[in-house]
Amino acid sequence: MRWQRLGAVTIIAALAAIALFAGAPYLLPHNTVAAQAPPVPQLSVYSPQTFYTVPLLTVSGQPYVGLVELLEPLGTVDARPDGKKYKLKFTPPGTREMEFQFQDGKENGKVKGDKIKLPSNFVIQAGRGYVPLVSVNELLARALSTQIRLSPTARRLFIGNIGERLTLDLRKGAPSKLFVSFDSPVNPTIATEPGHIRFTFKREPVIATVDRESYTDPLITGASFSEHDGMAELDVTGTSPLMANFADGGKTIVITGAPPPPPQTAVMQTPLPQANVPQPTALPPKAPAGPRFLVLIDPAHGGTEIGSAISPTLPEKDVVLALARKVQHELQSRGIAAGMVRNSDIAITLDQRAISANAARPAIYLALHAANSGKGVHVFTPLVDPANVSSRDFLPWDTAQAAYLELSNAIAGSVSAELETRKLPNASLAAPLRPMNNVAAPAIAVEIASPSGNAEDIAGPAYMDQVAQAIAAGIAAMRGKIPEVRP
Amino acid sequence: MSRPILLMFGVLLLIAAGLGFYAYHLRAKVAAEERRLTQQSQVVVPPASGPTSLVTLYVAWDQEGGLRRSSVNVALPQERSERARAVLRALLGAYLQPGSQHPIGAGSDVRDVFLMGSDTAVIDTNAAFADSHPSGVLAEELTIASIVASLNAGDPQITRVKILVDGKERDTLAGHADLRRFYRANGIGQILKDAQ
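Read top to bottom, the protein sequences are chains A and B.
Residue numbering for the first sequence follows our numbering, beginning at -16 and increasing consecutively.
Residue numbering for the second sequence follows our numbering, beginning at 16 and increasing consecutively.
With the rest of the complex left out, here is chain B (with noise of 0.2 Å):
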């Protein structure tokens, strides 16, 4: 074989070994891009910035089968969807740190909070609110007292919460609890006297 024909064979082995280097690369950046992307959908986003206000929470505690009372400082925007979504992300906020009494599963957020008229509150959750919910009736019945009760400790305007998932209605949270009716924040304080 001449020579300027084995030049370019080395040249060619060259480029071969460097094509299979950027791709080992890209594969490295792919796989960190994912894990951001995960990490990025496993924290809760911080409720807004600004002067901070103590807003009431009703916590849910699987080993006693209740709500607990709490107070937290909660900066609230001013609107009152926003405030009532702050409310509630600081809420699953709680139920997300390690150790929580209540855990629930990672990534759970509130995506949005729509009014309707003045009493009723929709909650738009996102979908790993729901598939990764730890399932049982009274584990579910808790989180969704917990979320309709400190939504009326808030605003006691809202007497009337509806969950959805992703943005569509789901048959039941995790199983169990009924996720097609409309919650009254008077019928969940049957459940708290009941719990507590």
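With the rest of the complex left out, here is chain A (with noise of 0.2 Å):
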């Protein structure tokens, strides 16, 4: 008797706390789960028409990906499971359609009516179809009779004949230089920090003959490609702080020395972080440089700080900085010296930028922008209260501008009336745009945004031509009228 009351009991505390367990999913909040879930691993897949990444499923420790998923982005998609079986019709464009058989549990299946046989068992769950990751190879090889190259521990998928080779040539000298091309314009994340470059290529199918280079050089020692987490990672090690510009049209990255710390300005600054700030070498002797006329060139955003979303796939930061490059392609091209705050897709705070420009004491300083709403050209003047200072002052950090501002107005002025002889709609007004307020040079913002009220359009290559060549050519007819200035 007491055997079965223990037995009842023992019954009563099982189902409890099956109940309970049951329960439980649904009695905690949903965020609560969302904020413990780990990152979902993510395969990236490289085609000639496209870039796209497929999240992949962990099942019995083995990653899969989801067949709906991997092929829609190539084709169309008609994916219908039946019960245990699943059966995919698949049609990539201009070819016909064709059949993917699966069953639930089982690793022989068919593509096209043959046979296949996959490393380990297909799995539906949820009415989706999942594939081992590393029978991807085969599967699209198949499917889209074309070269398939996976690699599986890094979780990049190429197809076809798609790869954009990376070359390194060092070219010794003082300083060195280490020369990193491509077939095609690329902008990789870049992340530095002492005796390293890092760059970061997730859109881009960048691959690498070889994985590592060693030199004896006293500046740049080592280049290393590596490729994981769906990313190809280029590694640049140095003896001390190495910078990187981008020449060729963003086809070539340029790796050099950091330049030493500027002359201090004139510019009372508060102590700020300076985390992506290269750390200074010793200073070299110099010999006293002329007066020079440079247009410093600031592409707003960078990095994560994406800036607004012009359309869902194109972020400002990237509208800008094409528009900067072709903007200092046409000052160059008519004899102004012109430099970048970013040359790259780099993340750099507004004080930071401030303090870039006040370092490089540019004759002009210009920042660069893009909206998704409104229409056309805006130009944009520091909204300062002018003050009656000699640019030749200490001036206080948050109205170091007050002193530029007339000249500030002129040069807006000018780009105006280049963009109106265009016949870009354009407007131009003063506005509370950081971090204007706080150099101490002449400075102006352009802001732009679709000519035809269409977003999308913004990107047009003639209208970006069309609004550089105003912007330059307003900005060469002022060079005679702002001082120019010694480095």
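One or more hints might be untrue.
[Said to hold, decoys possible] One-sided and incomplete, this derived list gives chain A residues near chain B with beta-carbon spacing under 7 Å:
#, residue
1, Thr287
2, Ser291
3, Ser356
4, Gly357
5, His361
6, Ala410
7, Ala414
8, Pro415
9, Leu416
10, Arg417
11, Glu430
Everything labelled a hint here was simulated from the structure, so no lab data went into it.
Ideal placement from N, C-alpha and C gives every residue a C-beta, glycine not left out.
Two chains, each in its own frame: build the complex with the hints.
In structure tokens form, the structure reads like this:
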């Protein structure tokens, strides 16, 4: 009898535990579950038409990929799970429909009527069919009849004869320069730390012929290439801080030593974090330089700070970088020196932008922005009260621009006139835009919006060229009226 | 197995099913409550009741890149800072309407307006106002300009305005317009003139 009671109590406890376990997921707030979930690993897929990522599912410790998610960007997909059976019809553009047949828990299936054996069982979860990641190579090769290269550990998949091969060329000198060349323009994320500069390529199908290069050079000591987490990474090492510049329309990255710290400027600055600024090297003796007319272009945003979303796939940071490169080219073709605050997809704080601008001592500071609303081009001057101070005085950080306001307004007028000449819709007004008020130089900002009202038209090459030419012509017209600055 | 044990099994199975049903019911209730809270946070509470007065608002128009003057009837409280808040809520309410010419993020609201001395207003907006504000130099500038101009039109003594977000100072509204500074009504007048 006593044993019977104990048995009953045990059963009660077991049932209560089952009920609680069954109910627990429903009782937990949804965001708690989401916050604790680890990031889902992704497969990066590079095809001649597009780049996309596909989430991976882990089944019995193995990565699996959803057939629909994998094939949908490559053609028309019609998937029909039927109990344990799974049929998927796939039609790539310009070809005939083909069928994939699999069964939940079975290795054998059919692609285009031919038998195929997966390395492990096909899985159906929530009505979706999943195949082992390592089988993708063979599946796609049969379906698309093209070359497929899969790197399961790096989670990168290349469809067709695609691959952006990078080549390294170290040119020794004082200082030495490492030229990293590609077949087409690239836009990596750049991170620097003492002795290292790292380029991360997510969207570009960058591949390398060698994994590691060592150099016997006093500045650049080596470069290593790796693929991981759906990305490619180039890590260049040096004996002192390194910096990168883009050349050849973004097809070449030139890596060399970071410049020494600039001479003290007359702008009063409060101490600011210097996370992204390379550590200064020892100051070499420098010959005194003569005055020069430098335009410093500041493409807004960058890195994780994307600015406004011009369209779901076009962030402001990319539009302004493309425009900045065009403006730089136009200025240089008019014989005007033009530098860039950023020439890659890198995040820089507003204060760091102002510090860079003041350190460069430009004749003109030009900030570039893009908007997904409004129409045409807006030319902004700083919204600051004019101050009766000389630019040679110490200037307060928050109103450093005040001493240059008159010149800033004149430049904005000149650029607006050039926009008008080209019949581009434009308006000019003052704006409380950071960091213009902290810049101790004549400064304007240009924000481009779509010429037509359709946001995606903003990136049209003809429109961008016209805007870049107008800005450059407006600045060139002011050249004789703005004092050159001794660096 | 004896009959009592079988009976106990049956009862426990019923309890387990009941618990499962209760958990399911609770989940639906939590989801409904979340929906209710979200909807509540997206609604701008109407201004105080009472007799209405005609107030001037300067409303931003994105396509024109400027502000348009308009008049609306708003119930205005007696207290000065509450009146300022009512004017701003009417302005944000206009931006939150479907088909607005200057849409801002759902749930944008003014938490409080503090008057410092006779000429300075500190506006405390909620997080949704800045977090979901469209990003862009002109879009952000027009929002600020319309706030300052409308406040000044409703209470000409207010000539300086500072905007806080959730009680704190912020660098920019949505990546562009400076929120660290005080805005002067006469400085905004410069924008109004230029934008017209």
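Hint by hint, here is what the structure shows:
1. Thr287: Violated, about 12 Å.
2. Ser291: holds, 4 Å
3. Ser356: Nearest chain B Cβ about 5 Å off; hint holds.
4. Gly357: holds, 5 Å
5. His361: Histidine 361/A check passes; min Cβ-Cβ to chain B is 5 Å, inside 7 Å.
6. Ala410: Holds, about 5 Å.
7. Ala414: holds, 5 Å
8. Pro415: Constraint on proline 415/A satisfied, holds at 4 Å.
9. Leu416: At 5 Å from the nearest chain B Cβ, leucine 416/A passes the 7 Å test, so the hint holds.
10. Arg417: holds, 5 Å
11. Glu430: holds, 5 Å
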